[in-house]
Every structure is written in structure tokens, then in C-alpha cells.
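Enquirer: Add chain B to chain A, keeping to what the hints say.
Residue numbers (this note's numbering), protein chains in the order written: chain A, 1 to 281; chain B, 1 to 324.
To be clear, the hints were calculated from the coordinates, so they are not data collected in a lab.
There may be inaccurate statements among the hints.
As the list claims (entries may be wrong) - Using C-beta positions, here's what the derived DEER-type ranges look like: (1) A:Y16 x B:T72: 53 to 61 Å; (2) B:N316 x A:L17: 36 to 44 Å; (3) A:R268 x B:G272: 40 to 48 Å; (4) A:I10 x B:A215: 24 to 32 Å; (5) B:R132 x A:Q59: 38 to 46 Å.
By construction, the Cβ of each residue, glycine as well, lies at the ideal position given by its N, Cα and C atoms.
Letter by letter, the chains look like this.
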Amino acid sequence: MSIVKKNIGITRIVTYLVICFFLLLFLFPIYWMFLASLRDNPTVMSMPPKFAPSITTLQNYVQIFSSPKYLVYIKNSLIVATSTVLICLCISTMASFVLSRYRFPFKKVLLSSLLSVQMFPIVAILISLFTFFSKMKLTNNYLGLILADISMSLPLAIWMLKSFFDTVPRSLDESAAIDGCGRFRILVEIAFPLIKPGIAAVAIYTFLKSWDDYMFGLVLMNKNSMKTLPVGIAESFMGEFVHNYAGMMTLAFIASLPLLLLFIFFQRYMIVGLTGGAVKE
Amino acid sequence: MFVEAGRIRWNSTGASKKGGSMGQPFKRVKWTTRTGDLLFSYALMAPALIVLALVVFYPMIKGIFVSFCDYTFKCLNNPQWNSFGNYKKIFESNAFLHYLGNTVLYVGGTVTSQFILAMVLALLLNTDIKGRRMFRSLFLMSWTIPTIVVSILWSWLLQPQYGLFNYVLHSLNLIKDPNMQWLSNPDFAMGGVILAMVWKQAPYMIIMILAGLQAVNTDLLDAAAIDGASYLRTFIHVVLPSIAVVLGTTVIISVLDAFQQFTIIFNMTAGGPLKKTTTLSIAAYKEAFTHYDLGAGSAIGVIWMIILSTITIIFNVKSKRLEE
Chain A
1 MSIVKKNIGI
11 TRIVTYLVIC
21 FFLLLFLFPI
31 YWMFLASLRD
41 NPTVMSMPPK
51 FAPSITTLQN
61 YVQIFSSPKY
71 LVYIKNSLIV
81 ATSTVLICLC
91 ISTMASFVLS
101 RYRFPFKKVL
111 LSSLLSVQMF
121 PIVAILISLF
131 TFFSKMKLTN
141 NYLGLILADI
151 SMSLPLAIWM
161 LKSFFDTVPR
171 SLDESAAIDG
181 CGRFRILVEI
191 AFPLIKPGIA
201 AVAIYTFLKS
211 WDDYMFGLVL
221 MNKNSMKTLP
231 VGIAESFMGE
241 FVHNYAGMMT
251 LAFIASLPLL
261 LLFIFFQRYM
271 IVGLTGGAVK
281 E
Chain B
1 MFVEAGRIRW
11 NSTGASKKGG
21 SMGQPFKRVK
31 WTTRTGDLLF
41 SYALMAPALI
51 VLALVVFYPM
61 IKGIFVSFCD
71 YTFKCLNNPQ
81 WNSFGNYKKI
91 FESNAFLHYL
101 GNTVLYVGGT
111 VTSQFILAMV
121 LALLLNTDIK
131 GRRMFRSLFL
141 MSWTIPTIVV
151 SILWSWLLQP
161 QYGLFNYVLH
171 SLNLIKDPNM
181 QWLSNPDFAM
191 GGVILAMVWK
201 QAPYMIIMIL
211 AGLQAVNTDL
221 LDAAAIDGAS
231 YLRTFIHVVL
241 PSIAVVLGTT
251 VIISVLDAFQ
261 QFTIIFNMTA
271 GGPLKKTTTL
281 SIAAYKEAFT
291 HYDLGAGSAI
301 GVIWMIILST
311 ITIIFNVKSK
321 RLEE
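Extracted from the complex, chain A is given alone in its bound form (with noise of 0.2 Å):
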């Protein structure tokens, strides 16, 4: 008996060194970045590298948030992603209700053909979508991108949120139905206050899709001034910042921020969003 219990434990030790290994490899560059956002140029090149916390310098924040310019990309990239959330979250919540509750012609193929977006190339649409908008005066202009950005979330969007409205029962719209609530009030008073955790991770999913979103960005806002943040990041990789990579990472980290914040306080609602879709319980 002692023997088995001495390797069971010797293995639960293994497994956690295993598991700290990994993690530590995951974490590390987070940690890397951040501590290179509150150094200068010559300690965050020094070799060998210095591994323990230390601060020598606020000045990579001070430079960045005193310049005008990444003060408008942030700016931009906030509005376009909060629009994003917003606008995204009323078409799907419709949309998701009526596809779980009500049944019409061509339901089926439309909720494949939602799936299907996913597969489309992104470049490809974005070469059409790119001369469409032009013509349309929608480059350079929040709302091009904001539609384009919804698009990318919608599909994943309203099946997430059908799961959810399929978990309320139906006797509640019927009593309700029964009670004179007309089928519009049955959304928005009845069947919506029960998915607000489904909402949740819709709005968490939505705004890190719109966040992160480089390539809309890229080809749909080329004026300075309507540039989003990931944009303003690569190019001053490229140019103000080529060689210095404190304040590269200082950009870097804020651009993490809204994130990271987002997953420290919601990270529930964001793993139910993950796997709310895929994994049927």
C-alpha cells in the first residue's frame, strides 16, 4: 500500500511541476513585456537579460500618452469597438431569438450559411469590400469599419445566443403570450433578463474580435487620423519605434490592456462564451 501511495504522490508532483513548466512558458512573455514597458532602451537590451522586477523609468508612458497621435488611434479604436459591441449585440440578440423560438422558411439554410462566413477568405472579401466601400464613401469613416467588424462577430454571435434562448423555456413566452405580452415585449422582458450571462459573453467576444482586428483596419482607414491602434502598433514598429523596443513594448502593453482587464473581471462569462458553442452539456 505504501508503495502505491508514494508514487501517487510522486506522480500528482510531476503533473504540477508539468503544468508550472508550461505555464511558465505562457506567462513569461507577458511578464517580459511588461517589465520592459517600465525600463529604458540600454536595461532592456542589456545581455544577459535582467529577470527580477525592477522599474527604472515612467518615460515610455509619459511619451506615449503626451503624443497626439496614439491618443487618436486609441480613441479610434475604442469607438469603433464599443460601436462594434453595441450594434452587434441588438442584431443578434433579434436574430438569435427568432431562430431559436419561431419557425419560418429557409430557417436552415440560413443559420449554415451563417456558419459558412467563417470559411469565406477574409482577404478575398476584403479586395471587393475594399472598392465597394470606396465608392460608398465608407473608407475613412467609422461606420465601413464598424460594419465590417460586426460581420466577422455576427455569425458566431447569434449561435451563441440562440444556445442560450434555446435554455428558456418556452412555458414562460406561452404564460406570458397568454397574459397579452405581445411577442416583441416577450423578448425584451421575459426571454432577454434570462441570457444575460449569454450577453455577456457576446460582448466580451465582440469587443476583443473588433479589438484585435488588424486587417479591416488596415486596408478600410488609411487618413492618420482614422487609424485604429493595432494599425498605429505595426506601422511605428516599422518607423518611430525600429529600434526601440522599450517603447514598443510600452505600445504593445497598452494595447493589452482593455484585455487583459476584460479577462480579469469577466473571465467567466468568457470562458462560458468559448465553450458555450462547441461543447453541448
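Expert: Positioned in the frame of chain A, the structure of chain B alone reads:
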């Protein structure tokens, strides 16, 4: 509210017409409810459909159309049929096969390494360890980092003189040259962009597989344990069949993701060196926006779509068979 008002109006007019001709109150109510349902459904679907039609389906169809045309920045308003000129251009130089090969290498490399890594970690996290939720959250952290930041962070880590990667490998005596080139070396550049992608995307797979493992019916596991089945046999005969659907979905999502990946490659290597990391998405982008040949770019996109839809259709057919 607008829809609500519309429904009521519809009901009253519809009811009077139908009621007048048939005179059966019961049928009348049913008929108007059904029509109302339809109108309500289409009205609420409409915004989603309009956005997708404008931004995805119309450009896609237009893309297929212009892939058969002379379509450069000189003649944007007047695309002319050029008898498969774009497709000839792509296939003539064998460039397309080269790009396709790179794409397959990139997709295969990222998805396989993600899968192995995620499977091992998910199985370890599924044992009776303490703090599973904390570990799960910590692992997910790198997944939340924006893609552009991932590409810049890893460009820095892989930088020959000041990068951490070379320092660590050299201290462990794994490489001889302390200033090894990675992203500018034709042999290793692909490995570099795969590494960055795996770092960002593997956590997603860990979470998915772990969720699948935790949904495995414990009665089955207990029964296997009582029958004295070994760990390996239990895994192959009980666990694997239970998580097959989750694995399939996760893998296909990762394949589609890797196929579409543009940001990481474009910002780390820009498709180089020697076009060794030029995947289909990089090639289509460059054809359209660096060489200003939108027709040829679209042609690459069209062939790519055919390949992806074939993969997805095969997957759907197979997964349907699995579910049955």
C-alpha cells in the same frame, strides 16, 4: 416597439378580410398569428441579413466575378473579361502551389503542435489537482493578447542580438551561435511564425478540450475502473469517443483560423525571407494591395475558398456520421 405596432395593424386588417369571407373565428386567429410570426421573424432577422449581405456575401460574389476580369486600380469601374488571365498568371509560375504548400505547412504546423500541447495539458488539468480553475484562467491569458501585439512581442523575443529566445537556448547549450537568425533565416522563419501562433492559440484548445473532458460521463469512467481497465484502455475506449465531437469542432475551428491568419505573418516576416512564409492570405493581399492587381488577388481567394469549403463539407459529413 415598431414591430409590435406593425403586428397589431396587420392583425386587424387581416382579420377583417379573412373573417368576412370565411366567417370562422377560430381559423381566423390561427391564420393571422402564423402570418404575424413570419413577419416578426423576418423583421428581426433583417438587420443581421442586411449587414452580412453588404459586407460578406456581396463582396464575395463580386470577388468571384472580378477574378475572371482585368481588375486593377487603373480600371476599377470597368472590369473586363480577360479569359482566365488571372488564373493563368497565378498558375503559370508555380507560385500558387508554393503558397499553398506554405499554407499547408503553416496550418499543419500550428494545429498539430497546438493539439498535442493542449491534449497533454488538458489531461493533466483534468486529474484531481488543486486550483484547476486558477490554472485554467492563467493559461487563457496569452489568448487574450491582441494578435498584433503577439507578432511584435515574438519578433522581439526572436530578435538575434537582444532576444530572449537566443539567450535561453544558448544558456542551455542548445545552439552554438548566440546571435542565431530566426525570422530572417529561410529555414526557420516558418517555425518562428508558427511558434507565435501556437503561443496565442493553444490556450483556446486547452480550454475546449478540458471542457470536453469534464463533460465525460463519470458513470462510464467508474464502470471502467471497476472492470479494472488500464488508464490507456479507458482513454481509448471511453474518453476519446466521448470527446470526439468537441475535438473535431475545435480542430476545424483552429484550421480555419490558421488558414485566415494574416496579422502574425505579415508583421513578423511579411511573407519572406525568399517567400518562405508567404501563405495564401499574404499572397492575395500582396497581389491586390502591393501589386495593385485586384483581379489576381481575388482569383487566389476564389481557389482558396474552394479548398476551404471542401474541407468543411468533408468535416460536416463525417461529424454527422459520428453523431449518428
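Enquirer: Of the numbered hints stated earlier in the document, which are not met by this structure?
Expert: Of the numbered hints given earlier, the structure breaks none, since each of them holds.
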